[in-house]
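Participant: Sequence:
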Amino acid sequence: MVHQLLIPQQEIRTGRLVLTPVTPADIDAVHELFSDARTWTHLPAGRHIARAETEDLVQRKIGGRVRHGLGSWAVRSAESGVFLGVGGVDLTAGGVWNLGYRLVPEHHGHGYATELSRAAVDAARELRPDVPVTARVLTNNPASARVLARVGLSQVWQGPTRTAAPAGVECQAWSDRALSPAQLDWLVDNA
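Here the sequence shown is numbered in our numbering, starting from 415 and rising by one per residue.
What the hints contain is simulated information worked out from the structure, not anything from laboratory work.
Wrong hints could be hidden among the right ones.
Pair by pair, the computed Cβ-Cβ distance ranges are [said to hold, decoys possible]:
{"no.": "1", "residue 1": "Arg591", "residue 2": "Glu446", "range": "30 to 38 Å"}
{"no.": "2", "residue 1": "Ser494", "residue 2": "Gln572", "range": "18 to 26 Å"}
{"no.": "3", "residue 1": "Ser594", "residue 2": "Gly523", "range": "17 to 25 Å"}
{"no.": "4", "residue 1": "Ser494", "residue 2": "Arg576", "range": "34 to 42 Å"}
{"no.": "5", "residue 1": "Arg461", "residue 2": "His524", "range": "35 to 43 Å"}
{"no.": "6", "residue 1": "Glu520", "residue 2": "Arg542", "range": "31 to 39 Å"}
{"no.": "7", "residue 1": "Arg481", "residue 2": "Asn604", "range": "13 to 21 Å"}
{"no.": "8", "residue 1": "Pro438", "residue 2": "Arg564", "range": "29 to 37 Å"}
{"no.": "9", "residue 1": "Arg591", "residue 2": "Pro438", "range": "31 to 39 Å"}
Positions of the beta carbon are idealized from the N, C-alpha and C atoms, including for glycine.
Turn these sequences into a full structure, and let the hints guide you.
Facilitator: What follows is the structure, given as structure tokens:
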């Protein structure tokens, strides 16, 4: 377990959101979110069944933040403090930031994904401007593709996914800039 004093405490406030580093204290809220089938309509196989899956995810997010100085946040309403979801950027083994988010279904459609994604892209560019910001999205999730376009990413690849996606669904890779062949290969290999 990572000691709390080792976690960089970077709170970011946007117009409507408070973004704080994910901690073990968030496990219950994150598990409720990740075990909710409604948050996995585009990728049903990704749903967390066991709490241990969520514990592992949170610990990996904490470890990434400690190693790289930036990672995923717990997303809360600035007005009410209500937990809205998880999101941010994580540095991958492929040498790119991976932008991702998952929001509580009742809070979809309010622009929170775009607001969170803008903050994540800005934070990544500030910390490591030399590292591309990328994202992967399934073709059955056009709403997330629109978010990526809104925050300045462009589609750089589309093809078969290696995840257990529904039949006929492909993966798209998006980036905020041109990628090296090795970076693109990593994204394709991990689609």
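Participant: Each hint should be assessed against the structure and marked as holding or not.
Facilitator: Against the structure, the hints come out as follows:
1. Arg591 to Glu446: 30 to 38 Å: 36 Å, holds
2. Ser494 to Gln572: 18 to 26 Å: The hinted range 18 to 26 Å is violated for Ser494 and Gln572, with Cβ atoms some 39 Å apart.
3. Ser594 to Gly523: 17 to 25 Å: 36 Å Cβ-Cβ, so the 17 to 25 Å window is violated.
4. Ser494 to Arg576: 34 to 42 Å: 39 Å, holds
5. Arg461 to His524: 35 to 43 Å: 23 Å, violated
6. Glu520 to Arg542: 31 to 39 Å: Holds, at about 34 Å.
7. Arg481 to Asn604: 13 to 21 Å: Holds, at about 18 Å.
8. Pro438 to Arg564: 29 to 37 Å: 32 Å, holds
9. Arg591 to Pro438: 31 to 39 Å: Since the Cβ atoms of Arg591 and Pro438 sit about 35 Å apart, the hinted range of 31 to 39 Å holds.
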